[in-house]
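K.L.:
Got chain A sorted already, so can you dock chain B onto it with the hints?
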Amino acid sequence: MSVYLRSVTYHLPARIVTNAELALANPGWDADSLFRKTGIKQRHIANGSETSVDLAEQAARRLFAETGIDVSDIDVMVFCTQTPDYASPASSCVLHERLGLSVNCGVFDFNLGCSGFTYGLWLARALVLAGSAKKVLLLVGDTLSKECAAGDQVTVPIFGDGAGAALVTNDPTGAIAEIGPTLVGTDGRGWCHLKIEGGGSRNPAMHRSISMNGAEIFNFTLTSVGDAIGRLLTMIEQPWDSIDRFLLHQANGFILETLRKRMKIVPERCPIDVAETGNTSSASLPVLLRRCLDNGTVDGSHRCILAGYGVGYSWAITSLNMLSK
Amino acid sequence: MTAVPDALTQALAAALQADPSELTIDTTAEDFDTWDSMGTMTILLSLESTFGLRLAPGQTSKLQSVRGIVELLSEAGKLP
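The listed protein sequences correspond, in order, to chains A and B.
Residues 1 to 325 in the numbering used here are what the first sequence spells out, letter by letter.
Residues 1 to 80 in the numbering used here are what the second sequence spells out, letter by letter.
This is chain A alone, in the form it adopts within the complex (with noise of 0.2 Å):
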């Protein structure tokens, strides 16, 4: 039995912030310096009331008018977000009702980051093939901005807002991709380098902000990606040469262009677009995928890898391969 992706699409905020305003409200940052060190120009940043859940009603409502899929008959609904609207209930049962979707389907949410969309590949393609949902809703979003502390020059420049919907289903008919197997991996010796602490139940009154320890994510992702693509390769018997494109979770243009080169992936393959989005947590691979689609970077001929990776550390490499329309 195959699996396949019938559509994939996302949302950004309206509002986009450019290197030089961010350079104009914070005395001493370069906008060609914040440019050179990672690759990105501008971010689409949520407004104040804007929430993940408010974009990826957005990225699902797309999807619907592009497929024209009937909603009533999405058996499964599943949100990962790391910024959810309230710690209960799933900020999931809120896009069930925003979406008009049915009561048979199941929704629930769950927390990871730029693995996150891969993740959820893997989690829908296992429901389809267990035989309990003929049609899976993938939606990922988040919208890490406003976790990042005023002027903290780690985060701020990185991250972006956004939000991606993808459909998961049995059904062949206009399906875009055929999804293979995915390989999955956890460090939870990581969890401490890329955390918001404040807000949970541990640190309740804590401030929420993300802290991430650049060094140590860089070390994680230079030493682990590579290795878990090349475990993935050997899984379903290709070798690397046999990949056609690469898409790489778009964490920033530094490490995307050293984790390449290590890779030894020409450009071509392994395409770097992270300069008008920065880097949107689990929605860059829908994101990612979607633009290369747009703009013929990747085609129905191709065979591609996915390759979330981030906080947790977590991990999730998948297989598509693409189909002619």
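Be aware that one or more of the hints could be misleading.
Stated by the list, open to error - With the Cβ distance kept under 10 Å, some of the chain B side facing chain A (calculated, not the full set):
(1) Thr-40
(2) Leu-44
(3) Arg-54
(4) Ser-61
If you're looking for bench data, these hints aren't it; they were derived computationally from the structure.
No residue lacks a Cβ here, since even glycine has one placed at the ideal position from N, Cα and C.
P.N.:
Quick look at chain B alone, frame taken from chain A:
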């Protein structure tokens, strides 16, 4: 005073865009604007390419000073 191996001085100077004469065993990240998060990542890459040093999780905290880096290299057997 512990001497800084010349190869390390050169590697750090290149990574930090600094004059080698400015680097001593007591130099720390606070002494250079370029020794920020990105500078630390560049140092990490430089140590790998120059000395073949690979860090385990949790070890990057030692990349905040020349002394810490010398300790890392010594512990890994990368210095004579």
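K.L.:
Which constraints among the numbered hints does this structure fail? Numbers only, ascending.
P.N.:
none
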